[in-house]
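Sequences and hints are given; from them, build the entire structure.
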Amino acid sequence: MVSLGVYKCDNGFKPGYLNHLEEMLRKSCPTSGIKVKPHIESKVNVLKRQWSMVNDMIMGIKHGFSGFGFDSNTNMMTALDSFPDVKEWRRKSFPFYNGCCVIFGNDRATGKDEVAPEYALKEVENID
Numbered sequence: 001m002v003s004l005g006v007y008k009c010d011n012g013f014k015p016g017y018l019n020h021l022e023e024m025l026r027k028s029c030p031t032s033g034i035k036v037k038p039h040i041e042s043k044v045n046v047l048k049r050q051w052s053m054v055n056d057m058i059m060g061i062k063h064g065f066s067g068f069g070f071d072s073n074t075n076m077m078t079a080l081d082s083f084p085d086v087k088e089w090r091r092k093s094f095p096f097y098n099g100c101c102v103i104f105g106n107d108r109a110t111g112k113d114e115v116a117p118e119y120a121l122k123e124v125e126n127i128d
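Note that our numbering gives residue 4 to position 4 of the sequence shown, counting from 1, and the numbers run on in steps of one.
Please note that the accuracy of each hint is not assured.
[What the hints assert, rightly or not] Capping the alpha-carbon separation at 25 Å, the derived lysine to aspartate or glutamate pairs in DMTMM-like fashion look like this:
1. K43 <-> D56
2. K92 <-> D81
3. K35 <-> D56
[Stated by the list, open to error] Cβ pair distances, simulated, as ranges:
4. E88 <-> K43: 15 to 21 Å
5. G99 <-> H39: 17 to 23 Å
6. K37 <-> T78: 33 to 39 Å
7. S32 <-> N126: 17 to 23 Å
To be clear, the hints were calculated from the coordinates, so they are not data collected in a lab. This one's a predicted model, so the numbers in the text were calculated from it and none came from an experiment. The beta-carbon is built from N, C-alpha and C at its ideal position, and this holds for glycine as well.
Written out as structure tokens, the structure reads:
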């Protein structure tokens with residue numbers, strides 16, 4: 001769905017994407033009984049929350065940390081031993097990280113391109 005661009009937009013997903021996922025699952029696993037609520041919606045939220053935490057660490061956003069990495073061979077975070085705050089991820093594999101980057105990559109603000117209000121005001125004043 002993401003690669004086709006059918007339900008993906010710049011800041012998330014278009015309405016109806018969960019229903020489309022349910023229909024796709026019904027076709028591939030007709031006896032599963034998986035529904036949007038609670039199954040699919042819950043799993044998407046968990047994956048997004050986990051991806052956000054891992055991505056923030058790798059990008060140095062969470063707590064201003066840097067020096068984290070992701071080993072794609074083991075699907076695990078690296079350089080965690082020196083950061084006790086993230087012990088939950090020390091021995092935890094996250095095999096869906098790269099896929100989640102494609103799916104959720106543009107869904108949230110990171111502050112990377114933020115501009116202080118006083119600079120934004122100066123830019124607006126200089127336009128005239």
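A quick look at each hint next to the structure:
The hinted pair formed by K43 and D56 meets the criterion: a straight-line CA distance of about 20 Å does not exceed 25 Å. This hinted pair checks out: K92 and D81 have alpha carbons roughly 13 Å apart, not beyond 25 Å. For the hint linking K35 to D56, the alpha-carbon distance of about 30 Å lies beyond 25 Å, and the restraint is violated. At roughly 19 Å, the beta carbons of E88 and K43 sit within the given window of 15 to 21 Å.
About 19 Å separates the C-beta atoms of G99 and H39, a value consistent with the hinted range of 17 to 23 Å. At about 37 Å, the beta-carbon gap between K37 and T78 stays in the expected band of 33 to 39 Å. For the pair S32 and N126, the supplied restraint of 17 to 23 Å is violated, since their beta-carbon distance comes to about 59 Å.
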